[in-house]
Each structure stands twice: as C-alpha cells, then as structure tokens.
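J.: One-letter residues, chain by chain:
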Amino acid sequence: MKYGFFPGCSYKGAAGYKESTEAVSQLLGIELVEIKDWNCCGATSYWSTQSLEAYVLPARIMALAEKQEFSEIVNVCNACYSTLRKAHEKLTQDSDLKQKVNLALAEEGLTYSGNLKIRHFMEVIVNDLKADDIKKHIKKDLSGLVVAPYYGCQLNRPWADIDDAYYPVLMDRLIEIVGAKPLKNYSAKTECCGAAHMVAHKDFCIPLNNRIIKDAVSKGAQSICTLCPLCQLNVDSSQQGLGLPKMPVIFFTQLMGLAFGFSEKDLMLNKLLTPFKMAV
Amino acid sequence: MRESIPKIGVYVCHCGTNISGKVDVEAVSEYASGLPHVVVAKNFKFMCSNPGQDLVIDDIKAKGLNRVVVASCSPRMHEKTFRKACQTAGINPYYFQMACIREHDSWVTEDPAAATQKAKDLVRGAVARVAHHQKLTSRVVDINPNVLVIGGGIAGIQAALDIADGGKKVYLVERDPSIGGNMSKFDKTFPTLDCAACISTPKLVAVGQHENIEMMTYSEVADVSGFVGNFTVKVRKKPRYVDAEKCTGCGVCTEKCPAKVLSEFDHDLTYRKAIYTPFPQSVPNTRVIDTEHCLFFKKGRCRACEKFCEADAIDFDQKEEIVEINVGSIIIATGFETFDPTPLTQYGFGRYPEVYSSIQFERINNATGPTSGEIVTKDGKKPKAVAIIHCVGSRDENHMKYCSRVCCMYSMKFAHLVREKTGAEVYEFYIDIRSPGKGYEEFYNRLQEEGTHFIRGKVSQITDMVDSPKDEGRLTVVAEDTLARKVRRIPVDMVVLSVGLKPSSGIEDIARMVGISVDTDGWINELHPKLGPLATPSDGIFVAGCCQGPKDIPDSVAQGQGAAGEALSLISRGKLEIEAAVSTIDPERCMGCRQCEEVCVYGAISYHPALNVCEVNEAICKGCGNCTATCPNKAIELKHFNNDELMAEVEGLMFGPADFHHSPDEQAA
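Those sequence lines, one after another, are chains A and B. The first sequence finishes on residue 431 if you use my numbering, and the numbering steps up by one all the way, no holes. The second sequence finishes on residue 1852 if you use my numbering, and the numbering steps up by one all the way, no holes.
Isolated chain A (complex conformation) (with noise of 0.2 Å):
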C-alpha cells in the first residue's frame, strides 16, 4: 500500500514519532513516500489573519501532490490534516477561489485539480488494514496496560464523517487490536489542548490540559495516546505542578510498535518529558 506522505513541519521534532511511524509502517507493509519539496501548511492561525494566502500554502502541498501522482496525501498531525482538509473541501467547493489559487499556483507550473483524499495515518491504519493483518505482528502483551484514547479536538470537526465528532472510537478500536485496553468513558477524548496558543496564553492552556490529564489518571489509565505532535507536546509538558501523578503521553504509533516488539530505544520513548518506563 503506498500513499503520498505529508509529514508536516513537527514530525521530526516530536519525541519518537518519526522513528515510530516508520518502524510501524515499515512492518505492515505501508509505504508513505513524502511529498516532494513539501512546505508548511500553515496551520490554523494563519486563516484568521490572512484567509487568500492562507488557502495556497495547503494547495502548494496538495498541488505538488497531484503532480507527483499521489491519490491520496496521509497526514501525521490533526493541524495539518484539518488544514488541508479545510482547503481541499473549500477549493471544490469554490470556483473563484480555486481561480485565484491556482493563479498563485501556475507561478511554479503547479495546479490542483481538487482529486485528492485527505486523510489521517490512524484512520488509514484502521479502515484500511484487516485487524488481522495488524494483529499477527504483535509480539507483546499489552492487556495489562490501560491506555487513555485523546484524539484532541480538530480531527472530526467539522466533518465527523470517519467518526463521531465528540466521542469517536477509531483509536479505541485500534488499541484494542494491539492488545492495550482503551480507558472506557474517557470524557475528555476530544477536548482541546489549547494547541498553538500555549505559547502566548500558558495561563488559558494549562487549565485545559489538566482537564486532559486528570481525567485519565481518575479513571485509572497508565497512559495516554495521542495522534497529533501539539497535542503530545502540550500534554506531555503541562505536568509540571499540577499536582497529579505524572502520565506519559505516547503516539499511537509508538503504543503499536510496543505490541510489535520494538524496543523502547527504538521508539524513543525515553525521550518524552514523562518517560513511558514509568507508568509499566
């Protein structure tokens, strides 16, 4: 199976999310071939401030995309996935709009047709696996570990059409199939993380995350996984001072590679801010 891959611009930067996603993908036989001289797509505050320009960042990716031949563009991060989302759905929608990108566009030679799926790794790994198919790889046993599924809050909304968009169960069923326990009722599933404006408004975010946090470790989960690199960050390093017991913050990609055998080395989990050999 092979898609055209869009890392984005803090896939490398995140603790182990690129040495996992490859291991994983490797394994199970899907080839993510990156796009070619992809950019940055912006991200969501762009939109607010500069809405024409805003539209060709995500366009250029999903442009060059098109040329280089791919069907579909698998994205590792919610604020990259909805962001080209959003321009993909606004683009065939709009035939103005697309005139003026693509204008844009025809500056490199490029252009967008708008005959591109937009997707999320974790939801190709579910829909487009048999579970079977993942299961035979596992080759350890997760069943004592309790896993909180946080899916933050871009990745069905506004769309809710690969799941529910306030309490999806994809990745609850994707921890299943490797053999962890997903935490039953986690209410705070969807919750936002605050994402960028950690930086400039701690004091609003950090409140947030306790939310995140605290309802994981009340409920009884060892650990909680996540989808996103902001996410992970802004969990994983809002701890400090809360008060509550420390709880690692993995991405889906590493809890897959733990069930696969992979070392923690490998996986980095020795490099987030709260170490994963803690909580097993």
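Certain hints may be false.
[What the hints assert, rightly or not] Distance windows between CB atoms, simulated:
id, chain 1, residue 1, chain 2, residue 2, range
1, A, Pro309, B, Ser1688, 27 to 35 Å
2, A, Asp315, B, Gly1483, 35 to 43 Å
3, B, His1636, A, Pro309, 24 to 32 Å
4, B, His1636, A, Asp315, 24 to 32 Å
5, A, Arg324, B, His1711, 47 to 55 Å
6, B, Glu1557, A, Asp315, 31 to 39 Å
7, A, Lys153, B, His1636, 53 to 61 Å
8, A, His288, B, His1636, 51 to 59 Å
9, A, Asp245, B, Thr1813, 37 to 45 Å
10, B, Ser1408, A, Asp247, 52 to 60 Å
11, B, Gly1622, A, Pro396, 55 to 63 Å
[As the list claims (entries may be wrong)] Below, a list of computed lysine-lysine pairs in the DSS-like style, where the Cα atoms sit at most 25 Å apart:
id, chain 1, residue 1, chain 2, residue 2
12, B, Lys1439, B, Lys1429
13, B, Lys1653, A, Lys365
14, B, Lys1429, B, Lys1490
15, B, Lys1653, A, Lys370
16, A, Lys370, B, Lys1564
17, B, Lys1502, B, Lys1417
18, A, Lys335, B, Lys1561
19, A, Lys416, A, Lys428
20, B, Lys1653, A, Lys335
21, A, Lys370, B, Lys1561
22, B, Lys1669, A, Lys353
23, B, Lys1653, A, Lys397
24, B, Lys1190, B, Lys1246
25, A, Lys335, A, Lys370
26, B, Lys1439, B, Lys1502
To be clear, the hints were calculated from the coordinates, so they are not data collected in a lab. Glycine is no exception: its CB is placed at the ideal position from the N, C-alpha and C atoms.
With chain A fixed as given, assemble chain B onto it according to the hints.
T.: Same frame as chain A, now just chain B:
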C-alpha cells in the same frame, strides 16, 4: 360534440368593489353579449347573493337558457352555489362554468385596462367551453355508520368515546398491549399540575366498558380498501398467548415468570417480565407474552405462567389473526414518539447514568415509576442541582428543524416538581421560552418567582469532568450564557434532556393505506392548515392529535373531539353524493399497462388481470386527471374535463372569434 344548441347566459359579478374596482364590469358584460350563442349578459353587485342567484334562475326559466357562465371569484368559493342555482332552475348543474376574474385577475392586476382585457379573455374561454359541457349526474352512496379509530392515545380515546356516546359503533385499534398512549406515562400535566393518571385512567376504563367500543389492542391495521362511507379494513391481531376471555388479570403469571426484560413503558429504567402488562392500570388488563424473551418460546421449556394460572388462560397455540371490519370513516390518531438523544454524543445520554431523557424523567416523577415518584439519582441520593436542557433534537438543523411545542412547558413543569420534591437548584438551559397557551405564560412567571434559574444558551457539552474537587462524581453542564455573555460550567447531579417529538414509526404505512401524504418531517398533511385541520384530502379520513404535528394534551383532546364531530356529521348525512367529474376508462382502448394505477395518488384505479384492463372506482376518484394525462393509449377520459371541453376553452382563451375582438394582425402575432 354538443348535446344541444347552446343558449348561454353570462353574469359578471362586481363583488362589491373587489372586481369592479379594477375591471370595467359594464364593458365585460357588453363584450360577452356579443359572443357566440350568448343570449343574455348582465352584471350585478353580488352574484352569490340571493337576488344574484335569482337573476340566473329567472333567466333560465324566462329565456330558456341551457348554459350559464358566472364571471366572479374562484370556483372553490362559489361553484357549488351556482351549480345549485342551475339545478333549481331545472337545468343540469354541470351546464355551468365559472370564470375566475377576482383571484386570477382583479386582485393581481395593477392596470385596470389590462384587468378588463383579461376578464374579457377569461369570459370568452368560459363561454367557448360551456357550450361543450355535457350532462352529468352524481352518484349517491350509503354511509356505513361504523368508525375506525387508529391509535389508543388520549386523542384516539377521546374520539372513540365521543362517537360511542353518540350511539355509533367504534373500532379502536392500538398496536401496544394497552391503550393509554404517551399520556399514561406522565405524572403531572402543565400548567395546572393535575395528575395525568387521575384524568386519563377513568377514560381508559370508560373505553374498556363502553358497549359501543370494540377495543382491538395488540393489533395493527394491515390494509384499507374502499372509499368514504364504505371502507373495508383488515386488522392484524397479534397473538397474546393469553386467552382474554379467561384471564382475570390476577398477575400471578407475571410474578412467577423468570425472564427479565427492560421495560418499554419505563423507557429502560426498570425491568418487566416476559409475560406482562405495560403498566398497572392497563386496559385491557389481559397479559401478553413477549415471545422474544419468553424462555418457552426461546428454549422450549419453563411454562411457569401456564403452571400457575388458575384461570387456565395461557394458550401457547394462539395464532395471528386477520380480522376484517367495515367502517364508513377512519380517524387516524397515531400520536408521537420521543426523539432518541443518543446521536447527540456531546450530551452523553447512555454514557452518563444521570443523564435522562425527558420521557424517562416523566417516569421518575410518576408514582408507578422506577422510584415511586421520588426524584433521586441512581445511587438513591436526593439531587442538589438539576439541569434541564431544552430543544434536544428540536430546532436543530441536524435533526428536527421544527419546534416541538410542548418541551418548554413540560421542562418548566419538571423544574417545579424538582423544586417541590427536592428543593434542588434547577437550571433551565433554553433558546427561547415558548409558552403560548391559556395559563402558560403565567406558569413561566410562576417558575421564575419560584427561583428556577433560566440560562439562555444552547448546551455545548455535558461531561463528568468537574472543575472543583468537591464536585467529584457530579456532572458539569457547559453552555454559553448569551445574556451574561460568558461561558458557564455548572456542576449538577442530574440532567434532563428535553427531547422533541417525532411521528410514530409506521405512520407512512398508515398514510399510504388510506391514500394520504406526510410532510417532509413525517407528520400527516391535513386538508387545509387553517380551515381543514382534521380532514385530509381523502374523504372520510380524519386526523386527531400528534400524528398531524406536535401538540399538548388540551389540543390533542380538542382534536379528538373535533374528529369525532366530523365522523358523526358524516354519519348523520346517511348518504353521500359523489362528484361526477371523475375518470372513466374505455375498456376497448385500455391495454392494461397499469401506468394509470401507478400515478393515481388516491388508489382509485384497480387492475383486472382476467380482462387485462384497469377500472376506476368513481367513489374514490377525485378527478385530478393524472391518469388521463398519463394513459399512452388515450383510453381514459376525465368527465367535465374532456378534450372537447378543454380544447374549446383554450381556443376561446387564445384566439376568440376574429370578428369580435382581435384584428387579423393581432391573431397572427
């Protein structure tokens, strides 16, 4: 093909100034007098008045008129009036034609000259048409005085009782094991707070005991055929596996039954047995076996009920029965069901034990409910704070766009009951408070004085994540307070979701059987939203209560009584005249393709396989013309709208006799 040499009288109405204010009526009548076959043309202030009608009658008698045209309002207003005048004067009522120069002309035309011209055109068309009219006679049929009421909720019960009290036979069909409907689940009713059971139970008993009512519970309407006055209805009686004649209603069987099933009546808050009655005051009190959960039906053993029944009433061999009944009219009163809030995942219904739907909360408040009427959490604690969320499912683009009309009021009733029974703080989250009704606004004012907190804002989330450690175990309701302009996070112990009303499942089947339609939301379309609220486009089919749209109890009861009145009025007539303008199929030309049958929305056309032809039931046909236009072989003629008549009218409208009005140049243009 004319029946006789036409002698036409034309009468132009002023309608006060409604017509004459725009149309030069004098000029129109003068113009009409020059049209072919017109013997006399007059104008008059009010043609519908007695002197106006006398004008027509006298001229028919004195001048030997055999065709009449009145140019006035819409035929929907006065066609019948003038047909009757023609009949009185001794000519066939179908020798009359109306030209609509009010609704289609004077009311909608600005320029008087143009309005006058259009009136002349319309009159010319009517004159050309009426010359081709044929003599038609309408048929008279007897009306069967029996009435079928579908649905045993409060609307259907009221209708059945009124008709039965009027001395007529009623069949009351209810698909549940007991009559009573949704109302029997309620505790208090707004705004007077009288007890629902106290006012409805006597009615249930009265239905059960009435000699003129034949109750058919645990039964469904399977098929309806026939027409107004003469319907044949097939009713499917589901097997109860309990002999109603023998069962004394003692309840020992229920006591001994080992199977536990979530109670539909308590909306999953309690368990019932596999042999059960929905609620203690069920009418009839005959038990029914739920075969899906009965151990004997599932695994072939148990029969505890049979063993313990002293009356020997258990009968495992009962079979489904189809009963045929004949009635003259049908009242549909299938009511509503409540919206299931599970898809609104942000409210956590089904996930958080203390989130209730409003119909569940009705049961909690009810003395026969899961907590015997006490308002307590599932842990048995008295709540300190309760949130009531309005418009759950209603006024929501994703679910039901309409307002369900009753939720504001029942939500406030809940607030009152919570305050009264527990003293808890009550937070009502609303979009707008809608309290139109007698004593309703006063009830809202009373609630405000009682100290209920009204927060204007749609709740975005209900969560078990609390902000303060002292609220651990409670729920947090998150909403933007749009009056105070801030986000509220209010800790509460119980949440009530005030869910909206939607049509009962199966309503489309019933509508299809009787040849009526439902609107985009699934409610039944009444004949006219203002002037025909209880009738439907199918004669003899009436509606009452929530099947037509969300309603409270007073409105449902009023409609039940109204529909009973409609049915009794029909019965009192005894006979029914059937419109003569219906379709007929020429069997010589029909090739049995059945396309007409498909397009007939009234179910008036049936196919005879032996003859390979279709046939119109004149009593059901409404003369809409769908079949006539569809027939590929031109085998269908719609009386009073046949080709001669229509072509003459169109030619009259379009061209007119050149020597009268249009110059040859104009005609060519």
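J.: The structure should be examined with respect to each hint, and the outcome stated for every one.
T.: Taking the hints in turn, this is what the structure says about them:
no., hint, result
1, A:Pro309 with B:Ser1688: 27 to 35 Å, "30 Å, holds"
2, A:Asp315 with B:Gly1483: 35 to 43 Å, "41 Å, holds"
3, B:His1636 with A:Pro309: 24 to 32 Å, "31 Å, holds"
4, B:His1636 with A:Asp315: 24 to 32 Å, "31 Å, holds"
5, A:Arg324 with B:His1711: 47 to 55 Å, "53 Å, holds"
6, B:Glu1557 with A:Asp315: 31 to 39 Å, "35 Å, holds"
7, A:Lys153 with B:His1636: 53 to 61 Å, "58 Å, holds"
8, A:His288 with B:His1636: 51 to 59 Å, "56 Å, holds"
9, A:Asp245 with B:Thr1813: 37 to 45 Å, "43 Å, holds"
10, B:Ser1408 with A:Asp247: 52 to 60 Å, "57 Å, holds"
11, B:Gly1622 with A:Pro396: 55 to 63 Å, "57 Å, holds"
12, B:Lys1439 with B:Lys1429, "18 Å, holds"
13, B:Lys1653 with A:Lys365, "14 Å, holds"
14, B:Lys1429 with B:Lys1490, "15 Å, holds"
15, B:Lys1653 with A:Lys370, "17 Å, holds"
16, A:Lys370 with B:Lys1564, "22 Å, holds"
17, B:Lys1502 with B:Lys1417, "16 Å, holds"
18, A:Lys335 with B:Lys1561, "20 Å, holds"
19, A:Lys416 with A:Lys428, "11 Å, holds"
20, B:Lys1653 with A:Lys335, "23 Å, holds"
21, A:Lys370 with B:Lys1561, "20 Å, holds"
22, B:Lys1669 with A:Lys353, "20 Å, holds"
23, B:Lys1653 with A:Lys397, "22 Å, holds"
24, B:Lys1190 with B:Lys1246, "9 Å, holds"
25, A:Lys335 with A:Lys370, "8 Å, holds"
26, B:Lys1439 with B:Lys1502, "24 Å, holds"
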